[in-house]
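Using the UniProt record's numbering, read the sequence shown as starting at 1 and increasing by one per residue.
Just so you know, these hints were derived from the structure itself, not from any lab.
Each pair of labels, with its calculated beta carbon distance range:
no., residue 1, residue 2, range
1, Lys290, Ala14, 50 to 58 Å
2, Leu68, Thr7, 16 to 24 Å
3, Leu258, Trp310, 16 to 24 Å
4, Pro98, Gly219, 40 to 48 Å
5, Asp42, Arg107, 29 to 37 Å
6, Leu213, Gln45, 28 to 36 Å
Using N, Cα and C, we set each Cβ at its ideal position, and we do this for glycine too.
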Amino acid sequence: MTDTQPTLTISTLAALAALSLAYPLALYTTAHTRASQTHPRDHPQVVRTRLLHVSAVTALSVALVALLSGRPAHQTILQLGLVPGYLCDLGGTTHWAPREYCAQIARALLLIARLFIGPLTDTVLYYAVQGRAAPRVLRGDARASLAHIWAVRDYVCAPITEEVVYTALLVTVAGRAAETSPRVAYAYLPLLFGVAHVHHAYERYTSGGERQLFPLVCGTLVQTAYTALFGAITNYTYLHTGRCLWACVLQHALCNMLGLPGASEVVQHCTVVRVPASATARRLVALWGKVYLLLLPLGVLLFVRELRAWAA
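With these hints in hand, go ahead and build the complete structure from the sequences.
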């Protein structure tokens, strides 16, 4: 292995595989964590137990990497990006830079905002058309989205633990190969993140949600590809923001909140729930539906443009 073209050794590949497999395996260690027909993966008891297990596995993985890194444990913790306010350069030197750290977080969130410019604008307009009822509707939606155990899983625990394991730990273990090889950083490592979600197919089958093979396989392939793509995005953010791990965590949480873009909420509300009496308003709603569809590919273009600006 040379400095100009570092490669992944057999031992490194084994370590990467072990780290990436330990996380999903933690979901099946006991009967209380395994999904079934009586207790699917969204059952509150299953969710709570799984949160404890993946948190423990994540902490153990961090401890093992810190102990086996050959460097002082506290230095490895800082290089992973676990401590907010510390950034790490390509040489592995960490420094305290809280202002730059916050700027990198804002930069990372704006990157995702560009990608989702259509859905985000649609959400703002959706509450705008509610008129005086907007605060009440917003409070109700926030309560329905956040006041339950699934929100803790989707917006807190999963973003933190998955980014620690599949971004910080995998990139750190891959070492120079991840820093200098786009193929390693944005293909191999994200693929491990995608493959780690294949077990959802098994859960859908055993819980009775999906029994037909073709849709099960297709759904799994789509989820694996989407997850791997997202893993490439967070790896890119991690390596281009001084290993600002919490920027990746917030990106992950924001993407979980937004989900895959769907139909315009404004159009649905104004054509199904409450149709405007004014013909002009109805025309504006129809116009917005077309603009919304144009904003979806525009968001992708803005996103790619920003990625190129980061690389430059």
